[in-house]
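Visitor: The residues making up each chain are set out below.
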Amino acid sequence: MRNIRNFSIIAHVDHGKSTLADRILDVCGAVSEREKQAQMLDQMDLERERGITIKAQTVRLNYTAKDGNQYILNLIDTPGHVDFSYEVSRSLKACEGVLLLVDSTQGIEAQTLANMHLALEQNLAVIPVINKIDLPAADPEMVKHQIEDVLCIDSSEAILASGKSGIGVADILEAVVARIPPPKGDKDAPLKALVLDSWYDSYRGVVVLARIFDGVMTPNMKARFMGTGAEQIIAQIGVFTPFGKEVQSAGPGEVVFMTAAIKNIADTKVGDTITESLKPAAEPLPDFKEATPMVFCGLYPIEGANYNALREALDKLHLNDSSFHYIPETSTALGFGFRCGFLGLLHMEIIQERLEREFNLNLITTSPTVSYRVTVKPGDVRIIDNPNSLPEQYDFIEEPLIKATIFTPDEFLGPIYSLIEEKRGVQEKLEFIGPKRVMLVARFPLNEVVLDFFDKLKTATKGYASVDYEEAGYQQAQLDKLDILVNGDPVDALGFIVHREKAYTFGRDIVSKMRELIPRQMFDVAIQAAIGSRVIARETVKALRKNVTAKCYGGDITRKRKLLEKQKEGKKRMKQIGSVEIPQTAFLAVLKR
Amino acid sequence: MTNASVYIHIPFCRSKCVYCDFASFAGMDHLMEPYISSLVTEIGHAHPMTADTLYIGGGTPSHLPASLLENVMGAFNNKFRLADGAEMTIEANPHSASREMLETAKKLGMNRLSIGIQSFNDRLLKTLGRPHTANDAVDTIAQARSAGFANISLDLIFGVPGQSAADLIADLEKAVALSPEHLSVYQLTLEEGTPLEEMVEKGKVMMPDDDEQLAMYESTVDFLKKAGYRQYEISNFAKPGKECRHNLAYWMGDEFAGFGSGAHSFTEGVRYANPDDPEDYIRDVTVGGESGVEILTDDKDKIIDFLLMRLRLVDKALKFEEINSKFEIIFEEVYNSALKNIEKHGFATISNSGFQLTSKGLVFLDSLLLEFEKV
Ligand SMILES: Nc1nc2c(ncn2[C@@H]2O[C@H](COP(=O)(O)OP(=O)(O)OP(=O)(O)O)[C@@H](O)[C@H]2O)c(=O)[nH]1
Ligand code: SF4
Ligand SMILES: [Mg+2]
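Here the protein sequences come in this chain order: A and B.
Residue numbering for the first sequence follows this note's numbering, starting at 25 and increasing by one per position.
Residue numbering for the second sequence follows this note's numbering, starting at 116 and increasing by one per position.
No lab work stands behind these hints: they were computed from the structure.
Note that the structure is a prediction, hence the values are computed from the model and not measured.
Any given hint could turn out to be false.
To be verified - Quick partial rundown of chain B residues pointing at chain A, CB under 7 Å, derived from the structure:
id: 1; residue: Y122
id: 2; residue: F140
id: 3; residue: V478
Claimed, not checked - Not the full set, but computed from the structure, chain A residues with beta-carbon under 8 Å of chain B:
id: 4; residue: E422
id: 5; residue: Q499
id: 6; residue: Q500
id: 7; residue: A501
id: 8; residue: N571
id: 9; residue: C576
id: 10; residue: I581
id: 11; residue: K586
id: 12; residue: L587
id: 13; residue: K590
id: 14; residue: M598
id: 15; residue: Q600
Ideal placement from N, C-alpha and C gives every residue a C-beta, glycine not left out.
Work out the full structure: start from the sequences and follow the hints.
Guide: See below:
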C-alpha cells in the first residue's frame with residue numbers, strides 16, 4: 025500500500041489533461057507504439073470528435089521511481105467542462121492528490137479555480153503544473169503570479185511541463201511519488217469499496233468501478249451493495265492498464281473494476297459501498313452528494329414506438345452517468361417521453377447524443393427550461409420543471425439564480441456589462457488578477473443563462489472568457505406562461521415560462537420561425553403566441569393553392585409514386601396538432617433556438 | 116388481356132428542351148438504327164393481340180427517318196391485329212415533322228397527330244429552349260391537315276417564366292383558332308436536375324407563384340370550356356368524342372403493353388419498366404430479345420396507383436363497384452375515414468354508389484392521395 029499513489033489530473037477545459045495523461049502512459053510504458061493514439065483515454069467517439077473529455081477515465085500504471093522503488097499509480101483523467109464537474113468530484117473520492125494543470129498561454133480560468141476548490145474540500149495534495157510551455161506564447165511568470173494571487177499556492181511548488189513535448193513529465197511523476205501521500209486503509213478490516221462508476225456491457229452485464237478503502241476483494245466473494253441491499257457473487261475483478269486486465273485480488277487503495285451476474289440495473293448505484301456479505305462492514309462510506317440538475321427538458325422518441333427502447337436506454341446510460349434525472353411524461357404533440365434534468369446545456373446535448381448513438385434512437389428534445397418555485401398559496405409551494413405544469417392561479421413565482429464567476433481579459437468588460445444588463449444580472453465582485461485580467465462575479469437568473477448566455481458571452485469576448493457557476497437560491501420574478509397556438513390549439517411541447525419584459529420579442533420570434541417551417545397546407549394555418557387569453561404575436565401560413573402533378577408520363581407511374589413517397593416520407597416526420605400537421609423539423613428548430 | 120393499348124417509345128430529340136426530364140436524348144441519332152432494330156425484336160417477342168390503340172410517343176417520333184418508322188410499323192403489324200376504328204397516335208414536333216414524315220405516318224395508318232407546340236410566343240419558346248418558332252408550329256399544323264390528319268392534338272404549356280395572364284390567353288386564342296380536335300395544356304413543372312431548375316435557382320428566371328399558377332389554370336379551364344372543349348382530365352381538353360382513348364386507358368387503370376426504352380407495361384396486374392437509357396435497352400434486347408423489370412407493388416399501393424390515375428378524370432364519378440371488383444375489397448368501408456375527411460373539406464362529393472372530386476379537390480389531388488395512403 026505504501027507504494028500506491030492515487031491521483032486525478034484536473035484543470036480548466038483544454039488545458040491539456042488528456043494529452044499529459046498520454047505522456048505519463050508513455051513514460052510508464054503502458055501502451056505499445058502500435059496501440060498508441062492521441063488522447064488515449066478519451067475512448068468515446070463523441071469525445072474524440074469533439075476533442076473534449078466527457079467521462080473520467082482511470083488507468084493503473086507501474087512506475088519505477090528514481091529511488092529505485094516500484095510504484096503503482098492510479099491516474100484518473102477528468103473532464104474540464106463545467107457541466108461535468110460531477111465527474112471530477114466523484115473521481116477525487118478515489119484520490120489522495122491531484123495534478124492541477126494551468127495552460128501557460130491562458131492562465132487561470134474559471135474551472136481551474138472551481139476544480140481546485142473541489143480538491144481542497146477533500147484535503148487532497150495539490151501539485152500545480154504549468155502546462156504547454158512548449159508554445160511560443162507561454163508565459164509561465166504570469167501564471168506563477170496568478171497561482172500565488174488567485175489560488176494562494178506557493179508558486180515555487182509548480183512544475184513547468186508540456187504534455188505535447190514531454191518536458192517536465194519525469195518531474196511530475198517524481199512529485200507524485202514524493203508529494204502525494206499513499207492511501208490509508210486496513211487490509212484486515214471488512215471490505216469497504218466505493219462505487220465510482222458503472223456501465224453496461226452487453227456481454228458481461230453491469231460493470232462496476234470501485235475504489236477499495238478497507239479489506240480485500242477477490243473473485244467468488246459474495247458482495248453486498250450496502251445502499252441497495254443487492255447481493256452478488258463477484259465474477260471477475262480487474263484493472264485498466266489502460267486495457268482491462270484481470271487480477272486475483274485487490275486491497276486498500278486500489279481501483280478495480282468488478283463484474284458479477286448483475287441483471288438488475290437498479291442494483292448498482294454510484295456512490296454505494298460494496299462490502300463482503302459474510303463479513304460486512306458496520307457503516308458504509310459516505311455517499312456522494314447528489315448532483316442537482318439545473319436544466320430540464322422533455323425527451324421524446326421521434327418514432328413513438330420507441331418509447332420502451334428509450335426507457336431501456338435511459339436506464340442503461342444512467343448507470344454510466346447518474347447525474348441526469350428522468351421521469352416519464354406525456355405530451356399531446358410528442359407522445360410518450362421523459363422529463364429529464366441535466367447539469368447544464370452541454371450535458372443535455374451529450375446525453376441526447378449518447379442515447380442516439382449508443383442506442384440507435386432518434387430523439388426530439390423540448391426547449392430547455394429551469395425549475396421554478398411556485399407558491400400557489402401560503403403553505404403550498406411547488407417546484408415546476410415543466411412549463412405546462414404551472415398552475416393557472418398562484419400567489420407568486422420564484423426563479424432559480426446562479427452565481428457566475430467569469431474570468432476575462434479586461435478589454436471585454438464593456439460588452440460583458442451590457443450582457444449582464446441584458447440578462448438581468450447583478451454584478452457582485454470585480455477583481456484584477458493580473459495587469460489585464462479580471463475575475464468578475466455576478467448573479468443571474470438561470471433561465472437567462474440557459475437561453476443563450478454562453479453563446480453571447482463567447483461573441484462578446486471573442487472566446488476569451490471562461491465561466492463557472494453554482495446554484496445561488498431563488499428570487500421572485502415577473503414571469504408569465506407563454507403558449508404557442510396552432511389554429512387555436514395550444515402546442516404543449518411549446519410552452520414556455522418567460523420574463524414579462526421579454527415575452528413579446530420571444531413570442532414574435534418563435535411565431536415567425538414557425539411560419540417559415542410549417543409547410544402550406546390545404547387551409548390557412550394561424551400561429552399565435554399568447555399569454556393566457558391575450559394574443560401577443562400572430563402569423564399565418566397561407567393555404568396551398570394547388571397540389572397536383574400536371575402531367576403523367578404515359579404508363580410510367582413510378583414518377584408519381586416517387587413524388588408521393590417523398591410527400592409520405594415528409595408526413596412521417598409530422599406531428600398532428602388539431603387539424604394541422606407540423607413537421608418535426610419545425611419543433612426542432614424552435615426548440616433548439 | 117382482351118384488347119390492348121400499345122405504346123412505342125422513340126427516345127430521340129433534335130435538341131434537349133431546358134425543362135425536360137423525360138427519357139429523351141439529343142445527339143444520339145447514331146443509335147437510331149440499332150435502337151429501331153431492337154424495337155423490332157422486342158415487339159417480335161410480344162404476345163399477339165388485338166390493338167385498340169397505338170401511341171408512338173417520345174422523345175420526338177417525327178425526328179425519325181421515314182424508313183425507320185416503316186420498320187417499326189412493320190413489326191407492329193406483324194404482331195398486332197388492329198381493332199375496328201383503332202386510334203393510332205404519333206407525336207410530332209414542329210420543324211422536325213417534314214412533309215414526307217407526315218405523309219409516311221398517314222400512309223402507315225396513323226390517324227391522330229399530337230403536336231408539341233407549347234406556345235405560340237417566340238419569346239417563351241426561347242425560354243423553354245424549344246428549337247422552333249411559332250411560325251414553324253402553324254406551318255406544321257397546316258401541313259398535317261393537308262397530309263390528311265383529321266384528328267390533331269396540340270400540347271401547350273403554361274406557367275412559363277415571364278408569361279403573363281394575357282400571354283396565356285393569347286396562346287389559347289391562337290390554338291383555338293386552328294381548331295384542333297384536342298388540347299393538352301400542362302402547367303410547367305420544375306424538374307430536378309434540369310437546366311431550367313438551375314436557371315431558377317441562380318435567379319436568372321422566376322417561376323410564377325402559386326396564386327398566378329392557379330389563376331392560369333382556372334382561366335385555361337374557363338377559356339377552353341367557352342371554346343367548346345370539355346376538360347376530361349386535369350390537363351386535357353377535347354371536342355366531344357375526341358378524347359384520347361389511349362390515355363384514357365391509362366387513367367382508367369386498363370392494361371397496356373409498352374415497347375422501347377423507358378416504356379412501361381401493365382399486364383395481368385403487374386407493372387414492368389424498361390430501362391430509360393437506350394443503350395441499356397439495346398443491350399438487354401440484343402442479349403435476351405426482351406427488356407424490362409417488374410415493379411414490385413403491394414396490394415395497398417396498387418389501389419393508390421389506381422386512384423392516382425383514375426381520379427385525374429374530370430366529371431367521371433368513381434363507382435365503388437368499379438374499384439371493388441378490381442381489387443376485391445369494399446373500398447367504401449376500408450377507406451371510409453379518408454373519404455369522410457376529404458368530403459368534409461369540400462374536396463369530394465360522395466353518393467351511395469361512388470364518389471367524385473370537386474373542382475377544388477381536383478387541384479389538390481396529390482395531397483388527397485396522402486389521405487388514402489394513411490389508411
Ligand atoms: N502545444 C501544446 N499543445 C497541447 C499541450 N497539451 C495539450 N495540447 C493541445 O491542447 C488541446 C486540448 O488538449 P487535451 O489534452 O484534450 O485537453 P483536456 O484538458 O484533456 O481537455 P478536456 O478534457 O476537454 O477538458 C489539444 O489540441 C492538444 O493537442 C501541450 O503541452 N502543448
Ligand atoms: S422535344 Fe419533348 S421530349 Fe424532346 S427534349 Fe423537348 S420536351 Fe423533351
Ligand atoms: Mg481531456
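Visitor: It remains to establish, for every hint, whether it holds in the given structure.
Guide: These are the hints, each one checked on the structure:
no.: 1; hint: Y122; verdict: 6 Å, holds
no.: 2; hint: F140; verdict: 15 Å, violated
no.: 3; hint: V478; verdict: 4 Å, holds
no.: 4; hint: E422; verdict: 47 Å, violated
no.: 5; hint: Q499; verdict: 50 Å, violated
no.: 6; hint: Q500; verdict: 49 Å, violated
no.: 7; hint: A501; verdict: 45 Å, violated
no.: 8; hint: N571; verdict: 5 Å, holds
no.: 9; hint: C576; verdict: 7 Å, holds
no.: 10; hint: I581; verdict: 5 Å, holds
no.: 11; hint: K586; verdict: 10 Å, violated
no.: 12; hint: L587; verdict: 7 Å, holds
no.: 13; hint: K590; verdict: 10 Å, violated
no.: 14; hint: M598; verdict: 10 Å, violated
no.: 15; hint: Q600; verdict: 11 Å, violated
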